[in-house]
Every structure is written in structure tokens, then in C-alpha cells.
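Protein chains in written order, with my numbering: chain D, 92 to 204; chain P, 3 to 117.
Read the hints as simulated data drawn from the structure, not as lab findings.
Honestly, I wouldn't trust all of these hints.
Said to hold, decoys possible - Selected chain P positions facing chain D (Cβ under 8 Å, derived; list incomplete): (1) His-31; (2) Arg-33; (3) Tyr-35; (4) Trp-100; (5) Asn-104; (6) Glu-105; (7) Gln-106; (8) Gly-109; (9) Pro-110; (10) Gly-111.
To be verified - Computed far set for chain D versus chain P, every beta-carbon distance over 12 Å: (11) Ser-103; (12) Ser-113; (13) Thr-115; (14) Gln-135; (15) Asn-153; (16) Leu-175; (17) Asp-177; (18) Ala-178; (19) Lys-191; (20) Thr-196.
Said to hold, decoys possible - A partial selection of chain D residues facing chain P, derived with a Cβ cut-off under 7 Å: (21) Tyr-124; (22) Met-136; (23) Leu-138; (24) Arg-141; (25) Tyr-145; (26) Phe-182; (27) Ser-186; (28) Gly-195; (29) Gly-197.
All figures in this text were calculated on a predicted structure; none of them were measured in a lab.
Glycine included, every Cβ here is placed at the ideal spot set by N, Cα and C.
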Amino acid sequence: AQTVTQSQPEMSVQEAETVTLSCTYDTSESDYYLFWYKQPPSRQMILVIRQEAYKQQNATENRFSVNFQKAAKSFSLKISDSQLGDAAMYFCAFSGATNKLIFGTGTLLAVQP
Amino acid sequence: DTGVSQNPRHKITKRGQNVTFRCDPISEHNRLYWYRQTLGQGPEFLTYFQNEAQLEKSRLLSDRFSAERPKGSFSTLEIQRTEQGDSAMYLCASSPSWAGANEQYFGPGTRLTVT
Chain D
92 AQTVTQSQPE MSVQEAETVT LSCTYDTSES DYYLFWYKQP PSRQMILVIR QEAYKQQNAT
152 ENRFSVNFQK AAKSFSLKIS DSQLGDAAMY FCAFSGATNK LIFGTGTLLA VQP
Chain P
3 DTGVSQNPRH KITKRGQNVT FRCDPISEHN RLYWYRQTLG QGPEFLTYFQ NEAQLEKSRL
63 LSDRFSAERP KGSFSTLEIQ RTEQGDSAMY LCASSPSWAG ANEQYFGPGT RLTVT
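Bound conformation, chain D alone (with noise of 0.2 Å):
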């Protein structure tokens, strides 16, 4: 069965500096996705950034990217340039053939004016 693990219950960050969530993930798949997931407080949940697991190049989203480390199973979200919007809970959160996904219990990251 897949597992996915954020071991960092909590984050902080100053406003305008950077910041990275780790994730790492088990499977037995060689063919997944990879997602990194925000929901702010109250709001719905928005999908920030995902990686295929068959590209080597890691994905970017503005000021938001991933170090995808398939052999080690880790998927790290870094944030630069924090701004006080950032504040959330992130999960981590894996797609395989059953096209479902599996989350990790979240890292909440507050942002330090």
C-alpha cells in the first residue's frame, strides 16, 4: 500500500524568505503522480504544483518548486519570496493506477510579518 509522510507538523517563515516542506512517499508503482496541495483556513482546498513521476526535471509554479527525488522517495515543496497569502496547511499527496489520492497529514506553515 502507498504511504505518504510529512514529518513537520508546523513551519514558520518570515515574510519575503524561503521556506521548504519535505514529503517523502513509499510505493511499489513505477508509473505516479506527485502533488503538493494549500488549504487556507476555512477555504477550499487548491492544488499548487504536481510532478510526473517519469520526468527527471523538476516542476515549477511561479514561486513555487519541487525537489523530486525519485530514489529516495521524496517530494520537497520550496516556497521563495514568502508572502503572508502562503499561510496554510500544505499536504503532500501521491497518484498512482487507482487514480486516487493518498495525502499526508499536513504541515501548517505561518508566515512572520
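Model the placement of chain P on the given structure of chain D, informed by the hints.
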């Protein structure tokens, strides 16, 4: 494109009552998913549809839970004889089914409180 919508947004019910939630996916998406999220946890998969066919159900989905997507458009999730442990946020998501498009787009959720 109005995104995924869910109704109601909040539901308070007494233990033992039945409740039904509705999800309207993004119009061109033929996959629809239901998840349950409890406080401080990530969402857990419940079930998913491709068009009107229910392709997978989680073991979390007890006999009291049933989901339908009769015409391959909106979906309903019904919980019969609610229990306090059913209190959670119920999330719906949709995605297209063409190759390479595995990302799911979530609705705002229905928060269920069972008293």
C-alpha cells in the same frame, strides 16, 4: 467554468438521522471523487466515479454510506443513521480522464456535525 460546488456547506443533524450531500463537478470532468477530512488530518479517500460507474469504494465506506452519480454529472453522498463519528468535512473533487491529467480539483466541502 464555475469550479466544483457542494451543497449544503454546513449540516447539523441529530444522531440517527439521514443526511444527503450534493456535489456538482467541473462540467467537462468525468471523474468524481469523495473524501472525508477530520480535524488536523489529511483527506481520506471514500469512493470515486468515472461517468456514472462507481469504480472504487474504500473500506471506510460502511454500509450506512452510499454514493450515486446517476447521469454522470452531479453526485450525491448519503449517510444513513448518522453517528457522532461521522462528524467531519466531506470533500468532493473532480478531474478529467485524459492521459496525463491526474490532478483533482476540490470543492469547498460540506461540514457535517452530528449531535
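Quick rundown of the hints versus the structure:
Checking P/His-31 against chain D: minimum C-beta separation of about 12 Å lies over 8 Å; hint violated. Here the hint on P/Arg-33 is kept, as its CB sits about 7 Å from the closest CB of chain D, short of 8 Å. For P/Tyr-35, the shortest C-beta to C-beta distance to chain D is roughly 7 Å, which falls under 8 Å, so the interface hint holds. Proximity of P/Trp-100 to chain D is violated relative to the hint, the smallest CB-CB distance being about 12 Å (cut-off 8 Å).
Of the supplied interface hints, the one on P/Asn-104 holds, with its beta-carbon coming within about 4 Å of a beta-carbon of chain D, less than 8 Å. Interface hint status for P/Glu-105: upheld, as the beta-carbon distance to the closest one in chain D is roughly 5 Å, under 8 Å. A least Cβ separation of about 6 Å between P/Gln-106 and chain D falls short of the 8 Å threshold, and the interface hint therefore holds. Interface hint at P/Gly-109: satisfied, since its Cβ lies 6 Å from the closest Cβ of chain D, which is below the 8 Å cut-off.
Here the hint on P/Pro-110 is kept, as its CB sits about 4 Å from the closest CB of chain D, short of 8 Å. A cut of 8 Å between beta carbons decides the hint on P/Gly-111: the least distance to chain D is about 7 Å, and the hint holds. With a minimum CB-CB distance of about 18 Å to chain P, D/Ser-103 clears the 12 Å threshold, and the non-interface call stands. The beta carbon of D/Ser-113 sits about 15 Å from the closest Cβ of chain P, which is more than 12 Å, so the claim that it is off the interface holds.
At the 12 Å boundary, the C-beta of D/Thr-115 stays outside the reach of chain P, the nearest C-beta of that chain being 14 Å off. A Cβ of chain P approaches the Cβ of D/Gln-135 within 12 Å, the least distance being about 4 Å, so the stated non-interface status is violated. D/Asn-153, annotated as away from the interface, keeps every beta carbon of chain P farther than 12 Å; the closest lies near 17 Å. D/Leu-175, annotated as away from the interface, keeps every beta carbon of chain P farther than 12 Å; the closest lies near 22 Å.
Distance check on D/Asp-177: its Cβ is at least 18 Å (rounded) from any Cβ of chain P, clearing the 12 Å threshold; non-interface status holds. At the 12 Å boundary, the C-beta of D/Ala-178 stays outside the reach of chain P, the nearest C-beta of that chain being 16 Å off. Annotated as non-interface, D/Lys-191 brings its C-beta within 12 Å of a C-beta of chain P; the closest such distance is 4 Å. Not every CB of chain P lies more than 12 Å from the CB of D/Thr-196, the least distance being 5 Å, so the non-interface label is violated.
Using the Cβ-Cβ criterion of 7 Å, the hint placing D/Tyr-124 at the interface with chain P is satisfied: the shortest such distance is roughly 4 Å. Restraint check, D/Met-136 versus chain P: the minimum CB separation of about 4 Å is within 7 Å; hint holds. Of the supplied interface hints, the one on D/Leu-138 holds, with its beta-carbon coming within about 5 Å of a beta-carbon of chain P, less than 7 Å. With a cut of 7 Å, the hint placing D/Arg-141 at the interface with chain P holds, because the nearest CB-to-CB distance is about 5 Å.
A distance limit of 7 Å between C-beta atoms decides the matter here; for D/Tyr-145 the minimum to chain P is near 10 Å, and the interface restraint is violated. The beta carbon of D/Phe-182 comes within 5 Å of a beta carbon in chain P, closer than 7 Å, and the hint placing it at the interface holds. Residue-level restraint check for D/Ser-186 holds (minimum Cβ-Cβ distance to chain P is 5 Å; threshold 7 Å). Proximity of D/Gly-195 to chain P holds as hinted, the smallest CB-CB distance being about 6 Å (cut-off 7 Å).
Annotation: D/Gly-197 was flagged as interfacial toward chain P, and the flag holds, the nearest CB pair being 5 Å apart, inside 7 Å.
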